[in-house]
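A.B. asks: Sequence order for the protein chains is A and B.
Numbering-wise, the working numbering comes out as the position in the first sequence, counting from 1, plus 6.
Numbering-wise, the working numbering comes out as the position in the second sequence, counting from 1, plus 23.
If you are wondering where the hints come from, they were derived from the structure by calculation, not from laboratory data.
Glycine is no exception: its CB is placed at the ideal position from the N, C-alpha and C atoms.
One or more of the hints may lead you astray.
[Stated by the list, open to error] Pairwise CB distance ranges (calculated):
hint: 1; chain 1: B; residue 1: 172; chain 2: A; residue 2: 66; range: 33 to 43 Å
hint: 2; chain 1: A; residue 1: 185; chain 2: B; residue 2: 90; range: 45 to 55 Å
hint: 3; chain 1: B; residue 1: 90; chain 2: A; residue 2: 173; range: 29 to 39 Å
[Said to hold, decoys possible] Just so you have them, the derived chain A footprint on chain B, three or more residues with Cβ under 8 Å:
hint: 4; region: 78 to 92
hint: 5; region: 112 to 124
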Amino acid sequence: MDFASSDLGYGSGAPAAGHGSAGGYGTAGGYGPAGGGFPPPQAPQSPQVQPESVPGIPLGNGSAVSTKIVVAGGFGVGKTTFVKAVSEITPLTTEALMTQASSGVDDLSDTPDKRTTTVAMDFGRISLESDLVLYLFGTPGQQRFWFMWDDLVRGAIGAVVLADTRRLEDSFPALDYFEGGGLPFVVAVNQFDGAPRYSAEAVRDAMAIPEHVPVLICDARNRSSVVEALLALVTHALAMDDARG
Amino acid sequence: MKGMGVRGSDPGPAKRSIDDVRREPGGPRRTANRSARVRPYAITGGRTRFGHVLLVETLVSALNRPADPGSRGVPELEAICRLCRGHMRSIAEISALLRIPLGVVRVLVSDLADQGRIRVHGAHSSGTGATDATGASVTTGGTDRALLERVLGGLRKL
């Protein structure tokens, strides 16, 4: 199976507009099968959040700029915890619809129809100034959804690659991705309780992280520790900008 | 439209009464084959027809402009306008709060922007603000230095 759609979740088969019914929007249950608009998601449904419970960005002086940092790493490495520690809103989950198209290798005998599946991404928000908003996006963990990262990282300041010392190899794919892409990134070792403790340099050796990439130890539950990791990334991005001239 | 085939003199055992059709969730039109009503969309590089760049973090806000007659009553468009009235929301927030997949939100917001009902605020400080048509720094990835320094200063104050 290959994923044919490279846009964030927009396959050619999903209905978008043109629903006949007026009103009835935003009822309990939200945008789901009851609305009939989209194929029922196959991934676990994210919890319903009432829109009014999440404040918007005040218009203030009329406009604002936004930017983002991507939080990557293997499944269960603490990406959502990291985002939650510093976000001003309870992290939200956005879903992207994928259209799967048969690659023709092992599925030729199968039905030719496309199937849709859903991929979830958690994100949080930090208003740094009245007109400057930083978003933190957790990448979908599974390797087969990587093509989405290209879209997700477009325009990003850079990435924080989280690692767990008990499962360093889970973060290798993310490292490979960012080492190849030219986007600034730092590696933050999420120090889980009870996990063996290693120095940042030992982790650098174990993961073969290049000298110029910062490696730090953090606690994804701790706000100031998370802010330190973000500061390390932005500082590194500025240094890379210097090096490029 | 088999869901509508209830007016014949002999519905036959396989056909449903209009009451059956009306009892379908979402009303009778929901039961019709929807495929003919799906418009194929493509937004190249996340850019709308008029050059708005819609990344997941791009902020938008609603403008006080009446709906186009053609799109009046499309509930998703109205819901997006309601959600973005009086403040800014990112594309990702709209997707999460209304539970509409990201790619679909992009399409709907670009429609609203083209209609003048939604203002697209500048993602990144490319200087030209709301309807930045150049977007060069956005599409090539990376962020300009002035913005990085502002973010650094903002994070230090947290």
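A.B. asks: Take the region 78 to 92 of chain B, compare each residue's beta carbon with every beta carbon of chain A, and decide whether three or more fall closer than 8 Å.
C.D. replies: Satisfied; 6 residues make the cut.
A.B. asks: At the C-beta level, are residue 90/B and residue 173/A separated by a distance inside 29 to 39 Å?
C.D. replies: For residue 90/B and residue 173/A the Cβ distance comes to about 51 Å; the hint is violated.
A.B. asks: Indicate whether the distance between the beta carbons of residue 172/B and residue 66/A respects the range 33 to 43 Å.
C.D. replies: violated (21 Å)
A.B. asks: Check, residue by residue, whether the region 112 to 124 of chain B contains three or more positions whose beta-carbon lies closer than 8 Å to a beta-carbon of chain A, and give the verdict.
C.D. replies: Satisfied; 11 residues make the cut.
A.B. asks: Given a hinted range of 45 to 55 Å, is it respected by the beta-carbon distance of residue 185/A and residue 90/B?
C.D. replies: About 48 Å separates the Cβ atoms of residue 185/A and residue 90/B, which means 45 to 55 Å holds.
Of the numbered hints listed earlier, those contradicted by the structure are 1, 3.
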